[in-house]
Amino acid sequence: MEETIRIFALSGLFNAIIAIIFGLIVVFSNWKNWRFLLITFATAFWSFFYWLWLSSNNSISALFFVRMLSIGSTLILPTYFHWLSSLLGIAEKQKKIIILAYSLSIIFIVAGFSPLFIKSVKQELFFPFWPQPGIIYTIYLVGYIALFIYSIFQLILNYRTTTNEVLRGRIRYILIGSILGLGGGATNFFLWYGVPIPPYGNFLVAFYPIVFAYAILKYQLFDIKIILTQLVVFMLWGVTLVRLFLAKTLQEALIEGGFLAFLVIFGILLIRSVLKEVEQREKLEVLTENLKAANERLEQLNKLKSEFLSFASHQVKSPMAIVKGYASLIEDGTLKDPNEIKATAGKIKQSSDRLIGLVNNFLDLRKIEEGRMEFNFEEKNLVEAVRDIVEELKPLAQKKNLELSFKSEKNEIKVNLDGQKFSQVIQNIIDNAIKYTEKGWVRVEIKTQKSKIKDAEEALITISDSGRGISQELLPKLFEQFSRDSSVKKEIQGTGLGLYIAKQIVLAHKGDIWAESEGEGKGSRFIVKLPIKC
Amino acid sequence: MADQTKKLIMTVDDEEDFRNILRIKLESSGFSVIEASNGKEALKVLETNQPDVILLDMTMPEMGGIETLFSIKENDKIKNIRVIILTGKGDPREEVININRKFAQESGAFDYLRKETDLDQIVEKINYILKEDGKI
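Those sequence lines, one after another, are chains R and V. For the first sequence, position 198 (counting from the first letter as 1) is numbered 664 according to the numbering used here, and the numbering increases by one without interruption. For the second sequence, position 99 (counting from the first letter as 1) is numbered 87 according to the numbering used here, and the numbering increases by one without interruption.
Fair warning: there could be bad hints in the mix.
Calculated Cβ distances over 10 Å to all of chain R for the following chain V residues [to be verified]:
1) F6
2) S20
3) I85
4) N88
EDC-like, lysine to aspartate or glutamate: derived pairs with alpha carbons at most 16 Å apart [what the hints assert, rightly or not]:
5) R:K790 to V:E35
6) R:K918 to R:D978
7) R:K790 to V:E82
8) R:K813 to V:E4
9) R:K790 to V:E83
10) R:K783 to R:D819
11) R:K813 to V:E3
12) R:K873 to R:E857
13) V:K77 to V:D40
14) R:K783 to V:E29
15) R:K783 to V:E120
Here are a few chain R residues that face chain V, going by a calculated C-beta distance under 7 Å [as the list claims (entries may be wrong)]:
16) A557
17) K783
18) N826
Since the hints were made in silico from the structure, they are not lab data. In this text, a Cβ means the ideal position worked out from N, Cα and C, and glycines have one as well.
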């Protein structure tokens, strides 16, 4: 029986050494992986005292060592979950659970030396000094299982939702490592509660540092060469260190010490040179990746450009055909009456204006899409700016016998404006209101109200009309780029770009724009919201 | 009402200006003209009118050109009226126009022209059809 116990004890020592080695390898490869060192240290701590505990020959030292090993074991799951969350990129979201897990661990560690955690040790199966759980230990066990299940759940959830292939590959390995290693370690719990199953799973514990390390390194483009070099160097250091401790005479100790010093220097140089070589190769790979990405981006831009070109030429064709048609009516002598010719020239001018408007829209659109629309913000009086536009458009409204009115709560409202671009937005909306209203009125009104942000105010510019209104179907799509939506396209004259551009301009002013309408034939309201400068 | 001796041409287009241009040109070329601004309206007008040739736009609200063409060809009373598709949309390259023309003709249209075509050519095409039908 003693032989069996020794094998179990050695499994602890083996696990401790493996955990330390792989923890160091991973952290050496990249300091960003420091969280991984926490798990391997907790595991090594636990495993090391596990070895001492099963090697004890009296109940007092066994009880001490089993309490020491519990310090390590209570930290394994919190450190595991901490590392896992950061790897999955959910650490921020899971912050509360991480903090809770660590806090509970601290409570368990503090309680670790009281009988509430471990009552005593007594014979279980062939183990002479197996610990007996107190009430707090049972709480710890429940927490352990709960956090383990939650971790597995998060792994599976992220495996399903992520599109990142590297992360998916990592999760696969981590799932295997978690179930084998942490599950294996959990077989220790049976005997605590008198279930006569020896902790065979303990031999599997070493799996998780290895598998996790592999999962991290495999996808880090990290070279197996480095891992092997480090492994050999660390093992040499370990062996020499043991020999130094085992030295019987001073002379022997000096020789071993000298040899160890030589090995440390030689080892560090060796690891460094291998690291450098691999780093350079990695840099090259990164460069290639970047080049590939840049190329893809260029291709995408190119596609966007040709799509835009085809869209723009479609839009331009119709007014061009009209210009050509009217011009040829004059040219081929179909129209002879000077008055008719004059009227037709007016129509050519109108179509040309439409063309110019279209081209301006396209230029704006391209600027927006390429993110290079520039704004010159200045502090301006909003009331004055809007009133000027209304005055300018009054003749247009009078032509259609529409009443165009302006009203403002205050005489001065200071806002940050790019005067030209903002005027374009308001003019566009009032223009539309006049265009789509056959009879009645168009009203422009400015009000102020408290903003959702504390102590701030905002201005609301409302342009309402008694015109044809907007269908419920069209309302939500009004500010989109119609070039992409054929169902709406045919309902709208022109490019359908005006409101899209208007929205982008208002958003750049940190404001918002939306439309309301009770339905077709019931008029419509356009509202522009702007933050007021205090 | 339309002069009985003049041939009747129907233009279907949502673009008012373009209908205007066609009307002026066609009237000065000796035709009577009736108009519709989309396919639905056109079918309604066709219930009481029997034009000799229809100039049909493709992209229109409510009912587009192809749908209108199918409806005309399914209706025994008007299916023999000659239809010329007149479009501003689509790819202007020759090979694409040929494919579209073939499709339009297989769907029952007589021809497929683009809006930037010279107005004289459109008139010529109408005269050609009327001659072929023995109407002039």
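Hints and how they fare:
no., hint, in the structure
1, F6, "violated, 6 Å"
2, S20, "holds, 16 Å"
3, I85, "holds, 13 Å"
4, N88, "holds, 14 Å"
5, R:K790 to V:E35, "violated, 33 Å"
6, R:K918 to R:D978, "holds, 13 Å"
7, R:K790 to V:E82, "violated, 20 Å"
8, R:K813 to V:E4, "holds, 11 Å"
9, R:K790 to V:E83, "violated, 24 Å"
10, R:K783 to R:D819, "holds, 14 Å"
11, R:K813 to V:E3, "holds, 13 Å"
12, R:K873 to R:E857, "holds, 12 Å"
13, V:K77 to V:D40, "violated, 25 Å"
14, R:K783 to V:E29, "violated, 25 Å"
15, R:K783 to V:E120, "violated, 32 Å"
16, A557, "violated, 53 Å"
17, K783, "holds, 5 Å"
18, N826, "violated, 20 Å"
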